[in-house]
Each structure stands twice: as C-alpha cells, then as structure tokens.
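J.: Below are the chains, spelled out letter by letter.
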Amino acid sequence: MSRIDVRKTYKLYIGGQFPRSESGRSYVVNDAKGRLLANAAQASRKDARDAVVAARSAFGGWSTKTAYNRAQIVYRIAEVLEGRREQFEAELKAAEGISQAKARSYVDAAIDRLVWYAGWADKITQVVGNANPVAGPYFNLSTPEPSGVIAVVAPRGALLGLVSVVAPLIITGNTVVVIASEENPLTAITLGEVMATSDLPGGVVNVLTGSVAEIAPWLASHMDVNGIDLTGVEDAALATELEVAGADNLKRVRRPAPDTDWLVEPALDRMTRFLETKTVWHPIGV
Amino acid sequence: MYDDIVRSDSSLRRFLHGLPGVDQVGCEARAAGLGTRSIKTTAKAYAIDLAIRMVDLTTLEGADTHGKVKALASKAKRPDPADPSCPATAAVCVYPDMVATAKQTLGDSGVHVAAVATAFPSGRAAMDIKLADTRDAVEAGADEIDMVIDRGAFLSGRYLDVYDEIVQVKEACGDAHLKVIFETGELQTYDNVRRASWLAMMAGGHFIKTSTGKVQPAATLPVTLIMLEAVRDFRDQTGQMVGVKPAGGIKTTKDAIKYLVMVNEIAGPDWLDPDWFRFGASTLLNDLLMQRTKMTTGRYSGPDYFTLD
Amino acid sequence: MSNIFEYAPAPESRAIVDIKPSYGLFIDGEFVDGTGKAFKTINPATEEVLAEVAEASDADVDAAVKAARRAYTRVWSRMSGAERAKYLYRIARIIQERGRELAVLESIDNGKPIKESRDVDIPVVAAHFFYYAGWADKLEHSGYGSTPLGVAGQIIPWNFPLLMLAWKIAPALACGNTVVLKPAETTPLTALLFAEICQQADLPPGVVNIVTGAGETGRAIVSHPDVDKVAFTGSTDVGKAIARAVAGTDKKVTLELGGKAANIVFDDAPLDQAIEGIVNGIFFNQGHVCCAGSRLLVQESVADEVMERLKRRMATLRVGDPLDKNTDVGAINSAEQLAKIRELSDIGEAEGAERWSAPCELPSNGYWFAPTVFTGVSQAHRIAREEIFGPVLSVLTFRTPSEAIEKANNTPFGLSAGVWTDKGSRILSMANRLRAGVVWANTFNKFDPTSPFGGYKESGYGREGGRHGLEGYLKGEDS
Chain A
1 MSRIDVRKTY
11 KLYIGGQFPR
21 SESGRSYVVN
31 DAKGRLLANA
41 AQASRKDARD
51 AVVAARSAFG
61 GWSTKTAYNR
71 AQIVYRIAEV
81 LEGRREQFEA
91 ELKAAEGISQ
101 AKARSYVDAA
111 IDRLVWYAGW
121 ADKITQVVGN
131 ANPVAGPYFN
141 LSTPEPSGVI
151 AVVAPRGALL
161 GLVSVVAPLI
171 ITGNTVVVIA
181 SEENPLTAIT
191 LGEVMATSDL
201 PGGVVNVLTG
211 SVAEIAPWLA
221 SHMDVNGIDL
231 TGVEDAALAT
241 ELEVAGADNL
251 KRVRRPAPDT
261 DWLVEPALDR
271 MTRFLETKTV
281 WHPIGV
Chain B
1 MYDDIVRSDS
11 SLRRFLHGLP
21 GVDQVGCEAR
31 AAGLGTRSIK
41 TTAKAYAIDL
51 AIRMVDLTTL
61 EGADTHGKVK
71 ALASKAKRPD
81 PADPSCPATA
91 AVCVYPDMVA
101 TAKQTLGDSG
111 VHVAAVATAF
121 PSGRAAMDIK
131 LADTRDAVEA
141 GADEIDMVID
151 RGAFLSGRYL
161 DVYDEIVQVK
171 EACGDAHLKV
181 IFETGELQTY
191 DNVRRASWLA
201 MMAGGHFIKT
211 STGKVQPAAT
221 LPVTLIMLEA
231 VRDFRDQTGQ
241 MVGVKPAGGI
251 KTTKDAIKYL
261 VMVNEIAGPD
271 WLDPDWFRFG
281 ASTLLNDLLM
291 QRTKMTTGRY
301 SGPDYFTLD
Chain C
1 MSNIFEYAPA
11 PESRAIVDIK
21 PSYGLFIDGE
31 FVDGTGKAFK
41 TINPATEEVL
51 AEVAEASDAD
61 VDAAVKAARR
71 AYTRVWSRMS
81 GAERAKYLYR
91 IARIIQERGR
101 ELAVLESIDN
111 GKPIKESRDV
121 DIPVVAAHFF
131 YYAGWADKLE
141 HSGYGSTPLG
151 VAGQIIPWNF
161 PLLMLAWKIA
171 PALACGNTVV
181 LKPAETTPLT
191 ALLFAEICQQ
201 ADLPPGVVNI
211 VTGAGETGRA
221 IVSHPDVDKV
231 AFTGSTDVGK
241 AIARAVAGTD
251 KKVTLELGGK
261 AANIVFDDAP
271 LDQAIEGIVN
281 GIFFNQGHVC
291 CAGSRLLVQE
301 SVADEVMERL
311 KRRMATLRVG
321 DPLDKNTDVG
331 AINSAEQLAK
341 IRELSDIGEA
351 EGAERWSAPC
361 ELPSNGYWFA
371 PTVFTGVSQA
381 HRIAREEIFG
391 PVLSVLTFRT
401 PSEAIEKANN
411 TPFGLSAGVW
421 TDKGSRILSM
431 ANRLRAGVVW
441 ANTFNKFDPT
451 SPFGGYKESG
461 YGREGGRHGL
471 EGYLKGEDS
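Residue numbers (the numbering used here), protein chains in the order written: chain A, 1 to 286; chain B, 1 to 309; chain C, 1 to 479.
Hint data in this document are derived by calculation from the structure and do not stem from the laboratory.
Because the structure is a prediction, the values reported are computed rather than measured.
Note that the Cβ used here is the ideal one computed from N, Cα and C, for glycine as well.
Honestly, I wouldn't trust all of these hints.
[Unchecked claim] Beyond 12 angstroms from chain A on every Cβ pair, some chain C residues (computed):
1. A51
2. R74
3. G143
4. R399
5. D448
6. S451
[Said to hold, decoys possible] If the Cβ cut is set under 7 angstroms, some of the chain A residues that face chain C in the computed set are:
7. E82
8. E86
9. N132
10. S142
11. T143
12. T240
13. N249
14. R252
15. A267
16. T279
17. V280
18. W281
19. I284
[Unchecked claim] Simulated DEER-style distance windows between Cβ atoms:
20. A:T9 x C:G215: 48 to 58 angstroms
21. C:G134 x B:S122: 43 to 53 angstroms
22. A:A267 x C:G134: 20 to 30 angstroms
23. C:N365 x B:T296: 35 to 45 angstroms
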C-alpha cells in the first residue's frame, strides 16, 4: 500500500506569520484540469486590515534599511527560490497546466527578475535622483523615497507575474499587501514561505488569497494605504471603482495591465510609479 | 554682570560660541531685502541731513598734513558753505598726531575729534605702546578713540587677550568715548563678527565699528546687520545701548540711506542718532551734499560745486 | 522721531498696464467671444472692478480642445524639438521685456506686493520658460522618452497666477504637447496678457489656448474625452474630485495640492535667520502659498525667545497697497478667502489658542488680514490641521527631535517642511525623516526652475520643475 501524502494547508501570509483567514473561510482551488488542488484561505476585509497594519509597522524599518541591505535580502529570496525550484516547477505545472519546460522558464525568469531588481536597490537613486543647479547659493538635491504601503492586485502568472509586481516595490523600500491571483493563489503562499525564510522582515510583503472583488475595495479605500497597483485587475468596471476609491486619500495608482508579457525585461516605472521625489535645499555659506 | 563669562578663556569661548550662529545666505538676503526699501521726499530730506550729522569725516593717509586736516575740519563744521542750514558732521577722524590741529580748527563747534589709536590699522605693537598711543591722542584733545582689536589673537581663539586689551584701552581713554574696530574683512565670517561684537560690548566699548578702511571688504550691509542685531540684543539683556559705526566703502547717498533703513528696522529708531550710529567715510559727504542740493533746488548738481578737501 | 522712517508711499505706476473693459477667450491663436456668461475680476486691494471676462462654456472648452488637437497633430508634434525650443526662448525673452507690465498687472489682479511680483514671480516665470526651452531638443536624455502625450488640460490657482501658468505651459510645450489652460476666476488677467505674448512670439495657433471661467469650466476640461493629460494645482478637495473623474481613463494626471508644512526650529538654530524664515514662510504672498510654513514647531527651550523676536519682527511688516514698493504684505485675494481665514482664526481662538496680530492699520477698502500668530496650539486644534491659506501662523512646541518629526509628519499632507539648526548631521537626519516633497533646511520658500516641486500623501502627486517635471508630459517607457 502506498504512503498517504501529508498535504499542505495553504493559509495567508501576514506580518511574517501564516494565519488562517480570521473569517474561517476557504475556497476550492482546482488544477488546470478541474481537479482539486487544495483549499485556499479566503481572506476577509479584516484580514486586509490586519495586513495593512503589518505593512505599515514594517515600513519604518524596511524603508530605512540601507539599500545594500535590501539588495542582499531580495537576492537572498532569489537564492532560496533557486533551491526550491523543483517544488515551484511542479506547482506551476499542476496549477497552470503547462509543460515542464514552460514551468522551468517561468521559474528561471522569476529568479532572474529577483536578481535584477536586487541590483537596483542601490542604483535607482543614482538614476532617478538629481543634483539641481539652482540659480542661487543653495545646495539642492532630489532623491527618491518609497511612497509607503502599496496594495497590489497581482496578475495571473502565479510566480513570475507575482514576483514582477512585488519585487520592484519592496526593493525601493515600500511595503506591500498583495492579493494573489484569484485562480492560482497557491504558489503565492509557497512564495511567502520562501520570503519568510529569506531574512525579509515580517510585514514587508503580505499575501492575501481570495476574492479580488471582495478584498480590493477595502484596500483601495483604506486611508493608510499610499498606493494601489491594479496590474492584475481584469474587470474594467472594478478597476475604475478601485481608482475612484483610491482618490479618497490620493493614492498613487497604477492602472490595470493584466496581459503584460512578464518574460520581457521591465522598464523602471514599476519602481518609479511608487516613489516620491524629495528635494532638499540648504544654503551654501561660511 | 559678565564676570563669570570673562573669568577664563574657556568660559569666554563657551559664551561666544554659544551665541546663535549666523547663516550667511539668509543674512545677506535679509540685508538685500532691506536695501529695496524706497524712501521719498520729506523722509529722504530728513535722512540726508541725519546722515550728514552721522558722518565721521575721515582722513587716514600717510600723506596727511596739517593743512589737509585743517581743511577737512573746516568742511566738517560747514559742509556746504553755500547753505547755512546744512548741518555739521559728527566728527573728524584723524591719526593721533593730527588731533591737536583738528581740535584747534573745530574749537567749540560741537564737532568731535576722533583719533585712531592702538597702532592703527594693524594693531601690531606692544600693549604699552598701544596704551601710550591712546593716552597721547586723548591728551591732545581727542573726544573719541577708534581702537583696533588684535585680530591675530581673536582668530587664534585668545578671546580673553582681546577682551583685556579693550578694557585697558578703555581705561586709558578716560572720558573719551571708545570705538572698537573689528576689521571684519579679516574676521571673514559673520559668526566671528557676532562674537567680536559681544566681546567688545562686554568689555565696555561705546561703539562697535566694522573696519579700518585699509582692508577690503570694509563695511558691508550684512556685516552691519549682524552688529545692529548684536547691539539690539545687548540692550535687551543689559539695558545698555552701544553704538555702531560702519566705515569704509560707503560712498553714495543711496548706500547711506540703505544703512539708515537697516538701523531703523533692526536696532530700532533709538539708534537713528549720531550718538548711536556713525558713518566712517571720506567721499560720502560730497554725495550727500549733492543729493541735498538736488532736493532743495530740484535739479541734479555736479561735483564741481562741492569742495574737494 | 520714530516717524521719520514712515516711508512715504512709493507706488509703482499703473500707467504701464492697459486693462481692457472686457476680455474674450484665447482659442486657436485668436481672442474670441465666449458662448457663456461673463464674470468680473476685481482688484482685491480696492474692490474696484478691473474687467469683465468670459466664462467658457462646454462648447468653448470643446472648441479650445479641438484647436489644441489640430495644432498638436498638424504642427507642434511634428516640429523638431530645436524649433519648439526657439518659440519657448522667444516667450521667455518677451516676458523679460514686458516684465514690469506683467508684475504690475499681477499685483493689481492678485493683491500681492509689487516687490514679490517684480522680484520673484515674473523673473521666475521667465526663467522657467528659459529652462524648459532648453529641454525641448534634449528629451531623449531625460529618462522619460521623448513622446508627448497630446493635449494637456491645465487648471491653475490664483495665488501665483503667471508663475503657475509657467509651471504648466513651459514643460508641456517643451515636450511637444499643446495646452488648454484655465486660470483662476479671480486672477485671469496675466494669463490673458500671456496669450498676447504668444501672439507676439508668433506661436502657432492652437498650441496655447486660454479659457477663463470657474469650476464648471474646469470640470469641462478635466472630463473632455480628447484631453490626454490633466495638470492641476489647487485645493486637495478639487484634486480628489479630479482623481475620481479621470478614473478608468487613460489620462495622465499630476496634482499639486494643499499643505500644512511644519517649520521646525531647534534651539541651536541661526536665530535671526530662522525668524526671517518663519516670516517668509508664512507671510510671503499673504500666506497664500500651498507650501507655506503654517505650523511653527519650536523647541521648548527657545520658544519664548523665538516668540519675542518673531513678534518684534512682525511689527515691522508693512501691510497695504500692493503697488507700493515698500509693502511686505498685500491684500487677501478675495472676499471668500478672507471669510475663510477669519472663520478659521475665530475657531482657533474659540478652541483656546492665544491670538496675536501685528499692530498695523489696514486700508478701509479691499480685503485685508493682519499678520497673525497663534500660540498655545496643540495638534488637535483645527488651525494646526487645516490649511488656512492666509497670513496665520500656528505655533507648537517640541522637546526632542523625535517629537518634532512625529508632530511634523502627523498630517495627511506632505508638501514641504523646514528645519533650522546649526548641526549638519541633524539637518540630514531630519530631512530623511520628514515625509514631504520639499525640505528647506535653514531657508524657506525657495523656488527654482531646476528644482522639482510637489508633495507626498494628500498634497498630490507628480513633480513640477527640473528634469522630474518632464515626466508628467511624456509617455515614458511603460513596462
């Protein structure tokens, strides 16, 4: 008789912990052929609220770490992901019904993307900052700073899509509450396990699984969220509703782009959209 | 009241370095802002006469002669021979050996004689020579002594030496008023000007003065601004008023009026008086006279119509 | 004795400006009659009616957008950057040539002192055009690509009428966009004079269109389907309404909104300059400045001394005729704004803060408010939280750097902040921790075409000025 598998319980990833939804709800996640893969936690508005609190409390420490330090941690995520690549390839094959080769190419790209963004941590300031030659005896320097807590609706690509929207936000010092792809949420939680073991402080990335239509409006209207990235929103009416709600505290908005080809090397604006520019003046005198 | 402060070099340094710093750019912007104030008609006529009354008409040349000083003193008494309503200057300012000559010409006109002493302009002499220089001028009849501080001592942080020198020179002055020259062009920073101002005021100087006129830059609006702030704050703390004298480089009526605006707005109208504010100048007087004539006649005058002395 | 320096009035001559009895809209290079009603613009210092101005209707806005689109498609987007630059340089030069006229008109229509319009607003306007002119043929080096957006709809406030126009139009045109701009309803005149300058510069028709009007006209611009970009400077409430209105569209938006800046004075500050910075921070332009240092945070150990010096300094401020070259503080821009300042000040008093106003005689006609400071203010007071947009300073105290940061950042706004201390490392630490788009250390209210300006949080998004100011007018390289 063959051995009975020990199945994994997929929960949420909030504040470095893996809690169940406070609502006690879960929903069925099937594989590409319609067979049960697992039950995923179905996050509630209160889980979203808790995630924002966790992200906010992590922001101070994360945003003031040295860029070098953030780079090391994001690079560490890539290292750990590399070590668990078979697991991710298997998950992607099962969840998305793709070939082994395709799954491998997504995992490769996800790891490479993390490495690419890790390198940006201590360069983005040099590329988008400026010394400004004002017409007077003043030192004047513009530097980018993270906007704060960013809510993200992740696109369908369960691993590469998720990594491609989260990495550019955290590498610059933002903290994130991300709603995983509703259809393929499980890999996001597995990625949470990777992040939890990569020296990433709890709360920097928080992963919710569940209904985008249910949770996203709470994040969009949350007054302690500074930006919303709607990349994965596929329903145009919902996207508009979220953008309208985001206006209540003038969130920085990234509009939907669910069909992005994540294998293409990204431009800088995934980082810069959620950066503020701070300009400091000081007189020059003796 | 400053006994504790002047007890030692270190306590004096702590005090002087504890004064609020000066931001150069902000200070210069403030001075420039005051310079844009516009004065018209009656106020301007008053300001010109006041400026004339504040002039320490100065000649401090190696080539000075008794004849030159006599001419200067005559001009100080009656700056505009054509107009008896024109006021006299506050003083003439000369080297000690010319004091007697100046005094003789000025008589009881009320115009004071100021003498630069203490090995002016460098101040590089032994203390007893500086004191002798001072006594010599006072004995010759000087009403006011313009001393120079030891900038070397100041810049090397020997503040107590500078303080002691001022105290001793003041003692040597007897009844004569003491003006303390900083040579701000050598002190370089506004922080130093502020510290020197407090040092001189605590030591009992009646006036604080920017420059000898022998070093560039001499008087500037921002340097004078710092000194006016110092005398204002000193009065707030002690109730005592100290005068301010910018010297060197003030050549036009327009400049002089900018200074008066600054006196009015920084130290306050109490200082708008020859007892509390002076201009150390030589060519300024003629420009004031020209503008004065323009005010009374309504047409522009020319240098040919005023005496060159 | 103390009266001799009661500086006699030194009014700048009005003769240099020629205000017409009525103005139309500037559309497609011509002044045309609007199809809507007209409204009056008045001199806030005298309440005299200056001119009647057309209120652009939806149809007028549509005509302006069509003209801008035509000019974009046929002329401006096809022209080389080097040629666009020459037009902008021309405009900069004409602004310098007609600087006195523009300054006087600005002071008449807005109420700001001639000293400020002459020495700050107009020179910076010319500099802004000069700066962005140089970018027009160098956009490929900007980091934002070189593809323009199309037609920009721009709505500007009344506090710096021509300067805000320059901040909007110069980068838009340099990047190859055409514009429809609406000046504020209380200050339309310099924008209309700018339209004349565009004619003098032979700017191709339709590249710049000026439509006057109030909120409805602004709404028509924002919601016009053929507008690709909305740029707005003004209140946070209107900014939020704009953000809602463009939701779900492809319109790019930049918003420069309100503020409640903390001006933080430590006990080791260069005190006399700090006093100047406090005064400049809140009384410059009658406090009608979004980045005004309206909350003074002063370290407890020097609070009394600072207040004493501040009051003494405030007593020397000259309030009155904006055209008098000696005036430091001019007229409040409108009756509505004056009512708002009075209301919030009264609330401040009612909430228990102590009010002190500089002793000054205010003219009997026009809208005036004496420079005012409130002490004993706490974070909970409305005057410490809401933007008053007038010459009213709220003073709070702190004990430690952390407390100063906490209080400074404890606001939904994040436009600007000031820090005064002689300690270099503390300046850098404070500058790092302040959540604000502009941090002035040992200075305040400084502006320059090369220096990006804009806020964090509810103070808006996007930057104006500098290389960063190009981003809002270029397509960029989306991933």
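J.: If you test the structure against every hint from before, which numbers come out violated?
T.: 3, 5, 6, 7, 8, 11, 19
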